[in-house]
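The primary structure of each chain is shown beneath.
Protein chains: 2
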Amino acid sequence: MAATDTEGDPAALGARERILDASYHLFSRQGVQAVGIDAIITRSGVARQTLYRHFDSKQDLVLAFLERREELWTKGWLQAEVQRRASEPRERLLAIFDVFGEWFQQDDYEGCSFINVILEMPDRADPIHRAGTAYLAGIRNFLEGLARAAGIADAEAFARKWHILMKGSIIAAAEGDRAAAVRAQEMGRAVLAEQA
Amino acid sequence: MAATDTEGDPAALGARERILDASYHLFSRQGVQAVGIDAIITRSGVARQTLYRHFDSKQDLVLAFLERREELWTKGWLQAEVQRRASEPRERLLAIFDVFGEWFQQDDYEGCSFINVILEMPDRADPIHRAGTAYLAGIRNFLEGLARAAGIADAEAFARKWHILMKGSIIAAAEGDRAAAVRAQEMGRAVLAEQA
DNA sequence: TCGTTGAAAGACTGATCGGTCTCCCTCGAC
DNA sequence: GTCGAGGGAGACCGATCAGTCTTTCAACGA
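Protein chains in written order, with the working numbering: chain A, 190 to 385; chain B, 190 to 385.
Keep in mind that a hint or two might mislead.
Since the list can't tell identical chains apart, any single copy or any two copies may satisfy a pair.
[Claimed, not checked] Straight-line C-alpha distance at most 25 Å; calculated DMTMM-like pairs for lysine to aspartate or glutamate:
| id | residue 1 | residue 2 |
| --- | --- | --- |
| 1 | Lys247 | Asp312 |
| 2 | Lys247 | Asp227 |
| 3 | Lys247 | Glu206 |
| 4 | Lys247 | Glu364 |
Just so you know, these hints were derived from the structure itself, not from any lab.
Construct all of the structure, not just a fragment, from the sequences and the given hints.
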């Protein structure tokens, strides 16, 4: 039972949850290096030692943030929205860019945290870098499933191509191109048209 | 006149030049936030005050680095290589991915500094962010020229699409996909095939 | 009732950050 | 000669970094 789970009162959330909420908000918008422990302490209203009771180090906290990002963004939002909007696998592949299109209109558009951490920590041996690539591979896995369901021959290669369109449009949106999703979708149709 | 220009002896380069060399090496590989002034001091072998005589602040130095990146990478390498490898505009557009293909094989592949700084400083008002988007627009301008020369109807929209393929493959390469350039080129052919 | 546990508050450490300041040396113009 | 500019070396500044430690308190179960 415990007083650690959500019980309606937002201020009464467990300490761990408040830390993760604050981390998610700050890390996803400002990046991992730019956000200090103090900012997370302040935003979560938690004591310093409480944070270090739940997480061994900042790296630990970042890894927990990425895990949550996959839950909330990849699965809870992207995949859910895609499956809600279309049922045919080919339509679902294209629907990704409809979902992106709405995402790109947000004023506080924050980009893809997995890409961000990979570029922030270019060292391939860094656990955070590795986690970022792993979660991106998870997205690719979702694409591969759709490609296979669509009867596309080399589903793995196709997923990698589709992912290039997605990542390219995400960067273009960070530059300020709000129509990036439409452009990527058009290219997607061209790529799809070539497919067996 | 002036002991400030290059005179063969590498150690006798002007102080400003040594600072810019060190900044280029460190910023392009490790990012802007991760590299401190001390690291640049040490690598350039220059006195602290000498650096601040030539550059008002770290931000100033980063802006100078980005300017140099455009000179060396965009113009001196990418555009030069593309023009060397092909003469027909359509061939030149596709040659971009041949050049990228070799780039992606490098063990110390460092990615695109313009993308990196944009994601590192998400604040649109930040001078560094703005500079990054400006240099990316410069690349797009090069693409637009090729598109126009190729007789493509909406050259601006086409350039934005092509740039999405480029940026997507750059990120995929950062993830470890060494074949990202081939995949992007294949998609480029499909996009090009649709063009008038 | 007592002991344990979780959490708040905040002092503290050593390292590093960007940036300033002082001192000294050398070289070249006059 | 002298003088000033450019540059090297390094002390120093206040702020911030990640991380540790101590004290206090409230809620809980036995």
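Verification of the supplied hints:
1. Lys247 to Asp312: Classified as both; 17 Å inside a copy, 23 Å across copies.
2. Lys247 to Asp227: Result: close both inside a copy and across copies, 11 Å intra and 24 Å inter.
3. Lys247 to Glu206: within (16 Å within a copy, 37 Å between copies)
4. Lys247 to Glu364: Between. Shortest inter-copy distance 23 Å satisfies the 25 Å Cα cut-off; intra-copy 29 Å does not.
Every hint from the earlier list agrees with this structure, and none is contradicted.
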